[in-house]
Amino acid sequence: MSLSRKNDFPVFAQFPDMVYLDSAATAQKPAAVIEAEAAYYREANANPLRGLYDLSVRATDAYENAREAVRGFIGAASAKEIVFTRNATESLNLIAYSFGRAELCANDEILVAISEHHSNMLPWQMLARETGARLRYLECDSSGIYTEEALRAALTPHTKIFAIAQISNVFGRIQPIAEFAEICHENGTLIVCDGAQSVPHIPVDVQALNVDFLAFSGHKMFAPMGIGVLYGKEALLQKMPPFLYGGEMIEYVTREGAEYAELPHKFEAGTVNVGGAVGLHAAIGYIRSVGFAEIMQREDALTALSVEQMRRIPHIQIIGGDDPAAHHGIVTFAVEGVHPHDIAAIFDADGIAVRAGHHCAQPLHQHLGVPSTARMSLAFYNDEQDIEKFVNTLKTVRRRMGFAG
Amino acid sequence: MSLSRKNDFPVFAQFPDMVYLDSAATAQKPAAVIEAEAAYYREANANPLRGLYDLSVRATDAYENAREAVRGFIGAASAKEIVFTRNATESLNLIAYSFGRAELCANDEILVAISEHHSNMLPWQMLARETGARLRYLECDSSGIYTEEALRAALTPHTKIFAIAQISNVFGRIQPIAEFAEICHENGTLIVCDGAQSVPHIPVDVQALNVDFLAFSGHKMFAPMGIGVLYGKEALLQKMPPFLYGGEMIEYVTREGAEYAELPHKFEAGTVNVGGAVGLHAAIGYIRSVGFAEIMQREDALTALSVEQMRRIPHIQIIGGDDPAAHHGIVTFAVEGVHPHDIAAIFDADGIAVRAGHHCAQPLHQHLGVPSTARMSLAFYNDEQDIEKFVNTLKTVRRRMGFAG
Amino acid sequence: MPDNFYDEVLIDHNLHPQHLHGLPGATCSHAGMNPSCGDEITLHLTVQDGVIADGAFTGVGCAVSQASADIMLDLIIGRTVEEARALTALFRKMIAGDITPEELEQLEEAGALQNIARMPARVKCALLSWRTLEHLLEPDAENAV
Amino acid sequence: MPDNFYDEVLIDHNLHPQHLHGLPGATCSHAGMNPSCGDEITLHLTVQDGVIADGAFTGVGCAVSQASADIMLDLIIGRTVEEARALTALFRKMIAGDITPEELEQLEEAGALQNIARMPARVKCALLSWRTLEHLLEPDAENAV
Ligand SMILES: Cc1ncc(COP(=O)(O)O)c(C=O)c1O
Ligand SMILES: Cc1ncc(COP(=O)(O)O)c(C=O)c1O
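Protein chains in written order, with numbering that gives the first Met the number 0: chain U, 0 to 404; chain L, 0 to 404; chain Z, 0 to 144; chain R, 0 to 144.
If you're looking for bench data, these hints aren't it; they were derived computationally from the structure. One or more of the hints may lead you astray.
Pairwise CB distance ranges, derived in the manner of DEER restraints [what the hints assert, rightly or not]:
#, chain 1, residue 1, chain 2, residue 2, range
1, L, 253, U, 296, 38 to 48 angstroms
2, R, 107, L, 175, 56 to 66 angstroms
3, U, 16, L, 104, 52 to 62 angstroms
4, Z, 50, U, 314, 39 to 49 angstroms
5, Z, 103, L, 129, 54 to 64 angstroms
6, L, 104, Z, 59, 39 to 49 angstroms
7, U, 2, Z, 117, 33 to 43 angstroms
Reference excerpt, derived from the structure (chain U facing chain L, CB under 10 angstroms, subset only) [stated by the list, open to error]:
#, residue
8, 8
9, 27
10, 33
11, 40
12, 46
13, 51
14, 95
15, 116
16, 224
17, 240
18, 243
19, 269
20, 276
21, 347
22, 353
23, 357
Taking lysine-lysine and the BS3-like style, the derived pairs with C-alpha atoms no more than 30 angstroms apart in a straight line are [as the list claims (entries may be wrong)]:
#, chain 1, residue 1, chain 2, residue 2
24, L, 232, L, 79
25, U, 79, R, 92
26, R, 123, U, 232
27, R, 123, U, 388
28, Z, 92, U, 394
29, L, 238, Z, 123
30, Z, 123, L, 232
31, Z, 92, Z, 123
32, U, 238, R, 123
33, L, 394, R, 123
34, U, 388, Z, 123
35, Z, 92, L, 79
36, U, 238, U, 79
Keep in mind that this is a model prediction, so the values were computed, not measured. Positions of the beta carbon are idealized from the N, C-alpha and C atoms, including for glycine.
Could you put the whole structure together from the sequences, leaning on the hints where they help?
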């Protein structure tokens, strides 16, 4: 494996002994990102868009260059298709509030994968309540597999939307989104793809996948918190009504109403987060400089190492099965007889950050019949030593809870 | 006047000759704020709230300490009343979407001050369209004054909401919000106060004002972009439905629906912006360290200096009148025969940042009968030299546009 | 077991809870929940003449919440409702970190949970059964004593 | 006036526009708008036998948009519709920054707007009247030639 990337991340200098295995919750930030945002505030901070002076032109350029970088990163056809939001959650709500309320009615159906994060489930529950549309779930097997047949069978002439994550934050399995998109489109159904866990870790090309919408968060891809993205096909975004209303998203306002600005500004009400966008731009630059070849090679190797070690430990169950290739940087697990909160506490005592609970996927946990689980999730800044420490602690968990072995 | 504060702001070291007079659009950031956010990412970055490990506890503490700082800063009774949003615009949309759609119906009326920023007007237009409620405007005179009599006369038994800014971003006049609140409450009307231009510049105490909601943005108060605040009285927030749906705002989710988390988390869906909140906390600390006594003394003196100089220049009209005391750091003006965009371009050529256009207040401009205006707005980091340069350029505008004098 | 993660008492009550079972003759029951953790404990009491004659709990949860419930039942069975209320107040005081050594003694084995406050995310777990008890002992609660 | 901010030509056309008036016999008119600036220009043309016999504009705007409209009308009055279309294309080329010196010459006084591209916010202003003209000259536009 090539050189460790830990040195690029100041948090690991601050806490040299920490093992951070919660990157699916939020990623750590490289110095390049932290510095890019700070530099923006030192050198180009102004309210962009309406700027008639030099600093404001700089801010506008910084913001629109970031948008262009995102466009290129996910292979969108036009920068008009890139809307900056706060996070993936807001992106998904935007679709439900704007597209959903305008286009759905009581006869329609929304199909949601049962493994979805609450952020790709509750907005659809809300939409169903508001429009009277019927919400249905597509179920996976215990490995997190959705078959094309099951999808075909679940789609009806009334299905307007199918919502699914490219990578679930519990299973870590990559779903065949392009194939699902084709099946949906044959049926006249739009596909909303939650890319929160995929965009940071694998190359994502919206045109190759042919998804109608893609939502993701900056903070999971080494960018600052508070910036996210909604990609939507231009024709769809074009006809959607605005979501948030206010400054900067209008062409003209009278007492009676308003004409809205062109894409993508129509969906960016109020003063935008230029600092966050600049940070995201820097994060994309950083990811490109490492390269997905290295990122994937490293993450897959560490995932395989983890799964292989874990499946040798007795009383451990890996959610989604023991095949290393099915887990992309995410390994969710249970330890027989030990509650996940106790597992996390034990890891914490050893300086290892893992997550415990339902991982914002309660319906999936109900579906799988486990109330909660523990999860380790990694990024390319992790190394073999991190995995070794993780495995060593995992081996002690039952003993430290008083079990004989 | 005491020592200049310019040295606290790195942007002025970067551009020593720049005169920044667009602080009402966005404020510059002191090194303390830039550094606080960077330090968070170096030393405490994690996904908060569900954290079961040390770093996540740090992040949670950082976030909740910021909330407590905001609570103290605006004198709210409880931290539950402080909801972090992206900006004032989102805060106002949250009220309209959540409170408005749940509580208003076709018989109701919404009263909006005609001088409002689009962000405190378009959400109410949207709400009126969605609910059938009637939108009415309260009109001001050419000085930006709203009288108590006019407010009383405009309120009807059907008026559910009165929306007004404490300081308009065009006039700069402080409105008697406490008096207006009392009149509203006597009528059973809620008052929504837009504090975007007041919270950064004057002490604001929500309990003394007795407003029902207060919205403001971090970026106008020296904090990073991408963080804003909604204050709401606990009893109101308590009964409001959620706005955005997703992770972190729930107690329990099933296939059918969800139980929502306690205040304020109910309104904070998805991964929160801890970095932004930390920056806002630092900004509050910085404001406190300067003190409102100095801030107001300095800003009022610079405003008075500007207005006094400006009114001596021929062919200049100050929107809202020539009384320096009526303009709190905001002086909007017209130059006879010269379009505001040309004014701004001339200032830019001299290294002075001012704004031109409708300042997101088109209905006000229609009301005043001017299509657009120029605006200078200041903060305590400005100094007399800035004002001098501004006035000197202003004197040349007509000549440089080819007028005889 | 030299390197138990939690206090010996806690580990033991979690592994071998005495009171984790149904209670057929219960005069009152109440389900308490930490929804965000998924912890759920139903507390069953048999109260006669103002005395907690018997008690038990059912449900799932982490070691802290399970042990806390078991220890609590050990402590309150045989006590009057008044005494149980006082102990609940003491337990909250301990968690808040302002208990005297004399008071701590009254809590007997529940003192093993004293250090849980250093893990803020776990305080809710420790309190779950006590909150549920408080609810049952409230004079005007549904299904109350 | 030694220190004019804009080019002399632009200043002059803004202060003393020749074509800022109504046009009673106009064969076509169209209102162009830069809503975010509040600039609004209505262009009026009298087109006979494929030739722009006369033209005028009404409306308000900044110096750049006003002068641009006046200069444009100077240039296109008396030209054929075809020629006007070609000039519009050249003007856009100039704003985009890839015009040859020979082409620039054809634009006559409109060349004074060449440097507006360094003020991105003002490009829209310079283009307003030209966009409006394009619309009027489109074969299938409503109210078109
Ligand atoms: C009075 C007023 N209200 C609301 C806003 C909107 O603030 P933001 O753009 O930060 O949401 C502004 C600033 O643009 C303002 O001046
Ligand atoms: C699969 C998935 N979707 C959506 C989200 C929501 O992202 P955010 O909280 O940044 O809005 C997450 C992360 O929490 C996730 O893992």
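Evaluated hints:
{"no.": "1", "hint": "L:253 with U:296: 38 to 48 angstroms", "in the structure": "40 angstroms, holds"}
{"no.": "2", "hint": "R:107 with L:175: 56 to 66 angstroms", "in the structure": "59 angstroms, holds"}
{"no.": "3", "hint": "U:16 with L:104: 52 to 62 angstroms", "in the structure": "60 angstroms, holds"}
{"no.": "4", "hint": "Z:50 with U:314: 39 to 49 angstroms", "in the structure": "42 angstroms, holds"}
{"no.": "5", "hint": "Z:103 with L:129: 54 to 64 angstroms", "in the structure": "58 angstroms, holds"}
{"no.": "6", "hint": "L:104 with Z:59: 39 to 49 angstroms", "in the structure": "45 angstroms, holds"}
{"no.": "7", "hint": "U:2 with Z:117: 33 to 43 angstroms", "in the structure": "38 angstroms, holds"}
{"no.": "8", "hint": "8", "in the structure": "9 angstroms, holds"}
{"no.": "9", "hint": "27", "in the structure": "6 angstroms, holds"}
{"no.": "10", "hint": "33", "in the structure": "5 angstroms, holds"}
{"no.": "11", "hint": "40", "in the structure": "5 angstroms, holds"}
{"no.": "12", "hint": "46", "in the structure": "4 angstroms, holds"}
{"no.": "13", "hint": "51", "in the structure": "4 angstroms, holds"}
{"no.": "14", "hint": "95", "in the structure": "8 angstroms, holds"}
{"no.": "15", "hint": "116", "in the structure": "6 angstroms, holds"}
{"no.": "16", "hint": "224", "in the structure": "4 angstroms, holds"}
{"no.": "17", "hint": "240", "in the structure": "9 angstroms, holds"}
{"no.": "18", "hint": "243", "in the structure": "5 angstroms, holds"}
{"no.": "19", "hint": "269", "in the structure": "3 angstroms, holds"}
{"no.": "20", "hint": "276", "in the structure": "9 angstroms, holds"}
{"no.": "21", "hint": "347", "in the structure": "4 angstroms, holds"}
{"no.": "22", "hint": "353", "in the structure": "7 angstroms, holds"}
{"no.": "23", "hint": "357", "in the structure": "8 angstroms, holds"}
{"no.": "24", "hint": "L:232 with L:79", "in the structure": "9 angstroms, holds"}
{"no.": "25", "hint": "U:79 with R:92", "in the structure": "23 angstroms, holds"}
{"no.": "26", "hint": "R:123 with U:232", "in the structure": "26 angstroms, holds"}
{"no.": "27", "hint": "R:123 with U:388", "in the structure": "60 angstroms, violated"}
{"no.": "28", "hint": "Z:92 with U:394", "in the structure": "36 angstroms, violated"}
{"no.": "29", "hint": "L:238 with Z:123", "in the structure": "24 angstroms, holds"}
{"no.": "30", "hint": "Z:123 with L:232", "in the structure": "26 angstroms, holds"}
{"no.": "31", "hint": "Z:92 with Z:123", "in the structure": "14 angstroms, holds"}
{"no.": "32", "hint": "U:238 with R:123", "in the structure": "24 angstroms, holds"}
{"no.": "33", "hint": "L:394 with R:123", "in the structure": "27 angstroms, holds"}
{"no.": "34", "hint": "U:388 with Z:123", "in the structure": "29 angstroms, holds"}
{"no.": "35", "hint": "Z:92 with L:79", "in the structure": "23 angstroms, holds"}
{"no.": "36", "hint": "U:238 with U:79", "in the structure": "13 angstroms, holds"}
This entry does not satisfy hints 27, 28, going by the numbered hints stated previously.
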